[in-house]
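A.B. asks: So the sequence lines, in the order shown, correspond to chains A, B and C.
All residue numbers for the first sequence refer to our numbering, where the first residue is 1 and numbers rise by one.
All residue numbers for the second sequence refer to our numbering, where the first residue is 660 and numbers rise by one.
All residue numbers for the third sequence refer to our numbering, where the first residue is 851 and numbers rise by one.
To be clear, the hints were calculated from the coordinates, so they are not data collected in a lab.
Ideal placement from N, C-alpha and C gives every residue a C-beta, glycine not left out.
Careful, some of the hints might be misleading.
[To be verified] Only pairs whose alpha carbons sit at most 20 Å apart, straight line, appear in this in silico SDA-like list of lysine to any residue:
| hint | chain 1 | residue 1 | chain 2 | residue 2 |
| --- | --- | --- | --- | --- |
| 1 | C | K989 | C | D1012 |
| 2 | C | K1029 | C | D1047 |
| 3 | B | K805 | C | D1047 |
| 4 | B | K841 | C | E1084 |
| 5 | B | K812 | C | K1029 |
| 6 | B | K727 | C | M851 |
| 7 | B | K779 | C | M956 |
[Unchecked claim] Output of the computed footprint for chain C on chain B, the stretches with three or more beta carbons under 8 Å from beta carbons of chain C:
| hint | segment |
| --- | --- |
| 8 | 664-678 |
| 9 | 769-779 |
| 10 | 796-809 |
[Said to hold, decoys possible] Partial selection, computed: residues in chain A whose CB lies under 10 Å from chain B:
| hint | residue |
| --- | --- |
| 11 | H105 |
| 12 | S106 |
| 13 | A397 |
| 14 | G459 |
| 15 | R463 |
| 16 | E466 |
| 17 | H470 |
| 18 | K474 |
| 19 | D477 |
| 20 | G481 |
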Amino acid sequence: MARIGVFICHCGSNIAGVVSVEKVVEAAQTLPGVRVSMDYKYMCSDPGQNLIINTIKEQGLDRVVVGSCSPRMHENTFRASVERAGLNPYMLEIANIREHVSWVHSDNKDAATDKAIKLVELAVAKVRRNEPLQKMYAAIEKRALVIGGGIAGIQAALDIAANGYKVMLVEKEPSIGGRMSQLDKTFPTMDCSACILTPKMVAVAQNKNITLQTYAEVAEVHGYVGNFEVKIKKKARFVNMAKCIGCGVCTEKCPSKKTLSEFNANIAARKAIYTPFPQAVPNIPVIDKDSCLYFATGKCKVCEKVCPAEAIDYTQEDEIITERFGAIVVATGYDLYDHSRYGEYGYGEIPDVITGLQLERMINSGGPTGGHVKRPSDGKEPETVVFIQCVGSRDDAKGKPYCSRVCCMYTAKQALLLKEHYPNSQAFVFYMDIRAAGKGYEEFVQRVQTEYGVVYLRGRVSRIYEKKDHLLVKGVDTLSGQQVEIKADMVVLATGLEPKKEAQNLAQLLHIGYDQNGFYTELHPKLAPVETQIAGVYLAGCCQSPKDIPDTVAQASATAAKVGALLSQESLEIEPMISEVNPLLCSGCRMCYHACPYSAIEMEDKEIRRGDVRCVAKVLTSVCKGCGVCAAGCYCKAIDLKGWTDRQLMEEIGVLRYR
Amino acid sequence: MRIVLGKEQIESAFKKKVEILSNQRILSCYQCGKCSAGCPIGYEMDYLPNKIIRMLQLGMTDDVMKSKTPWLCASCQTCTTRCPREIDVARVMDAIRIIAQVENRSPVKEIPIFNQIFLKSVEFTGRVFEVGVIGAYNFFSLNPFKDIPLGIKMFLKGKLSLMPHSAGNLRGLFKRVREKEKRSAVSDQLL
Amino acid sequence: MYKVAYFPGCSLSSTAKEYGMSTELICKDLGIELVKIQDWSCCGATTAHITSELMAAALPAKNLLWAEKQSLPICSPCSACFSRLKLADIDMKRDARLRADVTEVMGEEYKGTIEILHLWQVIQKYGELKPKKELKGLKVASYYGCLLTRPTEVCPDERIEDPQFLDNLVISLGASPVKWSYKTECCGAAFSLTKTDIVHKLSGEILKDAREADADYIIVACPLCHSNLDARQEEMGLDFRIPVLYFTQLIGLALGYGYSELGMMKHFVQAKGLLNSKGLL
């Protein structure tokens, strides 16, 4: 006969404020197998856990039920207590009487108490059939993959490498550097973005622990924590990286100059063979097949002719490499909202309505205009510039309800830069709320207004009218309650941040989740902000949510610490609650094989009895996630999920049926 | 300039009426002012549209009722089209006007007069009889000679006729609509 | 022949007679048969929807019901009428209670099975337009106003802040559309009688912007816009005059109809001189 202890938690007033804990304790007392039933104010606290441990020892209990919060919260806590008392940690069941009862039924206390009693009853019935389970262990590949070579990926790779682990950094573009390399200055300190970024880019290239794969993308991901197998597509560069000396002659002589430069936010052209920017790492160009004359017409080959190193190779093809990693860091960054969906701001078709990133490229001395702000329509230096915030942010009608977090600051920075470059200019900023919560941010925004004379107007702009030689901006200042009309030379839209277009694809490869806005979902918004629900896959930077550079760097370092903690383990503990096949009952129908979402089932020929060899299913213990799809689908009842066996579930159903 | 706020103001019955009639959630508004920024008639208003919404949020019934703003709304739908919170602001203005006319609290006189004359024309002839409407409106709004030169020119161009074109009267329909509204208003305690 | 239930609206038999004349004239050429709704009655206009929700739905419903019974799409050349018909249809579909109330006062149910179109849509979708004359050298500002494209639901496929359909029509007639940014600004419509000063300001700005854009003519698709832009133009104190035509009249010119056949002498600002100088009459 089982010797079960039932422990009911008040969770302060969280549970006890709704559920009559005494009644639950009393009811549990009478259940078959229950030796002892008691309650405590906070069962997860030290005294609470000691109460469980001491009671197990004193009463010689062999199974435990805790009525408390969700198992997601404290199952591991109580498993550890049970283990410390000398029992197998899996001889525990949790009845969730907080999230499932007190929090959702506070309007009917009697019914809530009845439901709590019922849930405890179910847990008692189930725990009677619990079996001791043993943890399993798997080897770890001590190597990390970082996807994305912006500041997040760079910082994560450097920190992981500093911990002594090998890292492969995969970047889609021809160079690492990401968005930060496109920026002029950084708020609020006005450090030159490139000056603080390029040393880190070079450090990546020189670090012996880091292998760089630029112009490459992740194509397939298999395996599990500690043992991922990843296929990476290296796009054909048409330049032999071993031979190229980075002299730049090819780029200079290339006759194709019509393609817009992505790096320069489309305000200038680039060649068909190009490095995105002079400080590129690696400093090796790529040929963009779509704009190359040779690939279009079969003629040209100028780059080949001028290359002193004979590095041009038109025959290169995309290549797939397969690598093994113990951990994966996703740092794919962000795209900027495409403002062509704002008809009221000209559908992206008014030349002098530009984006913040375009202004950033103009005002950068290394940019295509040499640091001069020129309005695109006529090259004139603008005098009156209107900045509009929240374009593609906080706008339900445009499908972007969230705040992009950095636009208030980058707008303030750009308005300041404009005034510094052109003391005669006047900037107006239309804003809804100024969100300047970082260190030194509020002071910065104040300085922009008081010292630089940038005029802030509280309200959205309704429409921009294109007139003959200027733009008419119709907005509002809700603080004075007046409509505002400004004759502007140029308008700068603070476009919001959104996930990379390819982000959802990658999420599917990795089996990680994303929210309604497409940002990757962290395991816990407060307590596990860089982990994902897939063990061994971590997040850094704007792919998780919009954030500024300091937060991105901090998150990247946090991720690196998590990766270090994982890779430093001798071997990996694997949860034992996974599927198990009884080969005697298996008919080899392959139902489970096809149903398994993790490819954790293999078919193998097995000698069932002497001389009786049959093809049956086998669970790959380290791949199985314990989802139970195979067990549910098995016609022959040959598969059981340990910890959730049919017998355990039938006991629970029995309780519901007979009462 | 001071208002007293409490639960009573925040849960004002007037706000609820406006919400039901317009089928809009007043609390959705985050006061960005885009409606006001684009309103073609904003320059004439005592409060810009976003302030009307704000005053509704705060239960300032009398101030909303006294404001000329709803009566200056041309129903051009610009605010509705551009609202980032997808509030149909034009419909909110309609709702305020409907309630004000039912409760006889309109702060402007000429527009309800025009509405009454217009609807009478539709009720009796099925259509709008311009000369009748203009004449009656000018008479009742105490401005009998307004637009007479324009009217004469129109007449000479054959654009106005002195007799109504009738499509048969709509008295039956109008009567049924009025009765129906009275009944639903009683059952909903709405108006 | 493509058959539609024709809802002319009150203005077309008075202030916008020429819109009605030109519409009926060109539709024959375009293969569109206008079946006049028997005893059609007023859509209620702005007055109904600021006075009574039920009235604002019931008045259009009376006409919609007739068209539905004939299984014909309903068509109006007036933007305001079109908007009221369309919004009544949308409201009744969205709000079951309103629909039940309308059914009760009408004595029959409007099922919402018919298409509700503005005249331009009918012409664009079903008209067989074969211009006889190219309107070369004509610079035209297409004015759409408010209710042709707003709210979004009435015209879901269009770029509502910068609609193109009238401009495309202008191109197909051989004329040149001008690029201007006031094409969907409000003319002050409903305030024509009650707040005439508002109309003077708003319509005046529209005219000025069209002038700045070098337009010879403005075309409109609404009788209310027309009377504000044309009949009240003289009162605005502008130092220029710009003729305002119905888009149907422009089509009529391309089809070879004459000035008075299209009712163009009824406009306050005459277009004759300019058309003559371009050799189009």
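A.B. asks: Does each hint fit the structure? Answer for all of them.
C.D. replies: Verification of the hints:
1. K989(C) / D1012(C): holds (18 Å)
2. K1029(C) / D1047(C): violated (27 Å)
3. K805(B) / D1047(C): holds (12 Å)
4. K841(B) / E1084(C): violated (46 Å)
5. K812(B) / K1029(C): violated (33 Å)
6. K727(B) / M851(C): Measuring from Cα to Cα gives roughly 50 Å; hence the hint is violated.
7. K779(B) / M956(C): Holds - the C-alpha atoms of M956(C) and K779(B) are around 19 Å apart, at most 20 Å.
8. 664-678: violated (count 0)
9. 769-779: The restraint on the segment 769-779 of chain B holds, since 6 of its residues have a Cβ under 8 Å from chain C and three suffice.
10. 796-809: holds (count 5)
11. H105: violated (26 Å)
12. S106: violated (22 Å)
13. A397: The hint holds - A397(A) has a Cβ within 10 Å of chain B, the shortest such distance being about 5 Å.
14. G459: Holds - the Cβ of G459(A) comes within 10 Å of chain B, reaching about 3 Å at its closest.
15. R463: Given a least distance of 6 Å, the restraint on R463(A) holds.
16. E466: Violated, about 16 Å.
17. H470: Check failed: Cβ of H470(A) comes no nearer than 18 Å to chain B, outside 10 Å.
18. K474: With a minimum Cβ separation of about 6 Å from chain B (threshold 10 Å), the hint on K474(A) holds.
19. D477: holds (8 Å)
20. G481: holds (6 Å)
Comparing the model with each earlier hint shows violations of hints 2, 4, 5, 6, 8, 11, 12, 16 and 17; every other hint is respected.
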